[in-house]
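Enquirer: Sequence:
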Amino acid sequence: MNFSVTKSDTIFHGKVFDVKVDEIEYNGTRNKSFRQVAVHSGGAVVLPLKSDSKIVLISQYRYPHNERLLELPAGKLEKNEDPLLCATRELAEETGYTSNKITKLGKIYTTPGFCDEVLHIYLAEDLTPGNHAREEGEEGMEVFELTLDEIEEKIRNGKIVDAKTISGVCMYKLSFGK
383 MNFSVTKSDT
393 IFHGKVFDVK
403 VDEIEYNGTR
413 NKSFRQVAVH
423 SGGAVVLPLK
433 SDSKIVLISQ
443 YRYPHNERLL
453 ELPAGKLEKN
463 EDPLLCATRE
473 LAEETGYTSN
483 KITKLGKIYT
493 TPGFCDEVLH
503 IYLAEDLTPG
513 NHAREEGEEG
523 MEVFELTLDE
533 IEEKIRNGKI
543 VDAKTISGVC
553 MYKLSFGK
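Mapping the sequence shown onto my numbering, position 76 (from 1) lands on 458, and the numbers just tick up by one.
To be clear, the hints were calculated from the coordinates, so they are not data collected in a lab.
Be aware that one or more of the hints could be misleading.
[Claimed, not checked] Ranges between beta-carbon positions, derived for each pair:
# : residue 1 : residue 2 : range
1 : Tyr-445   : Pro-511   : 27 to 33 Å
2 : Asp-434   : Lys-402   : 45 to 51 Å
3 : Lys-483   : Phe-416   : 42 to 48 Å
4 : Asn-409   : Gly-488   : 28 to 34 Å
[As the list claims (entries may be wrong)] Using 27 Å as the maximum straight-line C-alpha spacing, the simulated DSS-like pairs for lysine-lysine come out as follows:
#  : residue 1 : residue 2
5  : Lys-432   : Lys-486
6  : Lys-432   : Lys-546
7  : Lys-436   : Lys-489
8  : Lys-546   : Lys-461
9  : Lys-555   : Lys-536
10 : Lys-541   : Lys-432
11 : Lys-483   : Lys-555
12 : Lys-458   : Lys-546
13 : Lys-402   : Lys-389
14 : Lys-432   : Lys-536
15 : Lys-461   : Lys-483
16 : Lys-555   : Lys-432
17 : Lys-541   : Lys-436
18 : Lys-397   : Lys-461
19 : Lys-536   : Lys-458
20 : Lys-489   : Lys-397
21 : Lys-458   : Lys-541
All residues carry an ideal CB built from backbone N, CA and C; glycine is no exception.
Take these sequences, add in the hints, and give me the full structure.
Expert: Take a look at the structure:
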């Protein structure tokens with residue numbers, strides 16, 4: 383790195399993320415600059431794959447865009463939580479399914495220009511149906527089961543625009559040669 387952080391202040395503490403402002407100084411100069419960062423605990427995303435090769439997605443209202451999005455189940459990490467535990471919890475909460483076989487596909491940085499959020503993406507197989515346990519704000523959530531071809535078509539035609547879902551599907555395809 384060609385800079386050092388000379389000052390760091392958290393200027394906002396929120397329920398979902400904080401905002402910090404770092405003052406930086408470029409090495410060998412007295413040139414200063416500022417960086418604003420949305421500080422997020424990260425999350426886990428699950429691609430639930432049924433034995434009939436259908437993938438389980440959920441549809442939910444997303445306030446910032448004022449629309450319902452079709453996406454893979456996901457949730458925010460609790461402080462110091464293992465992402466695998468989060469993935470397991472969110473799978474059950476949002477879809478009602480549990481899994482005996484969850485494999486990590488990878489991770490993504492959602493918006494690296496201003497946010498430190500990391501999403502850990504998992505594949506869940508050997509699914510067992512059960513009852514969901516949705517949290518506040520998830521009451522209107524719906525569950526859908528689609529083939530990989532149907533999901534790819536929805537990505538192509540702009541019906542699936544959620545980045546974590548598109549990334550999860552891509553990671554699944556690349557990992558398993560689909």
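Enquirer: Look at each hint and say if it fits the structure.
Expert: Hint by hint, here is what the structure shows:
1. Tyr-445 <-> Pro-511: 27 to 33 Å: holds, 29 Å
2. Asp-434 <-> Lys-402: 45 to 51 Å: For Lys-402 against Asp-434, whose Cβ atoms are near 46 Å apart, the range 45 to 51 Å holds.
3. Lys-483 <-> Phe-416: 42 to 48 Å: holds, 46 Å
4. Asn-409 <-> Gly-488: 28 to 34 Å: For Gly-488 against Asn-409, whose Cβ atoms are near 33 Å apart, the range 28 to 34 Å holds.
5. Lys-432 <-> Lys-486: Since the Cα atoms of Lys-432 and Lys-486 sit roughly 17 Å apart, the hinted pair holds (cutoff 27 Å).
6. Lys-432 <-> Lys-546: holds, 19 Å
7. Lys-436 <-> Lys-489: holds, 22 Å
8. Lys-546 <-> Lys-461: Within the cut-off at roughly 21 Å; holds.
9. Lys-555 <-> Lys-536: This hinted pair holds, its Cα atoms lying about 16 Å apart.
10. Lys-541 <-> Lys-432: holds, 22 Å
11. Lys-483 <-> Lys-555: holds, 18 Å
12. Lys-458 <-> Lys-546: holds, 13 Å
13. Lys-402 <-> Lys-389: OK: Lys-402 and Lys-389 at ~10 Å, within 27 Å.
14. Lys-432 <-> Lys-536: Given pair Lys-432, Lys-536 holds - Cα atoms ~19 Å apart, limit 27 Å.
15. Lys-461 <-> Lys-483: Roughly 24 Å between the alpha carbons, so the hint for Lys-461 and Lys-483 holds.
16. Lys-555 <-> Lys-432: Holds, because 15 Å separates the two Cα atoms, which is no more than 27 Å.
17. Lys-541 <-> Lys-436: holds, 18 Å
18. Lys-397 <-> Lys-461: Holds, at roughly 12 Å.
19. Lys-536 <-> Lys-458: holds, 25 Å
20. Lys-489 <-> Lys-397: This hinted pair holds, its Cα atoms lying about 23 Å apart.
21. Lys-458 <-> Lys-541: holds, 24 Å
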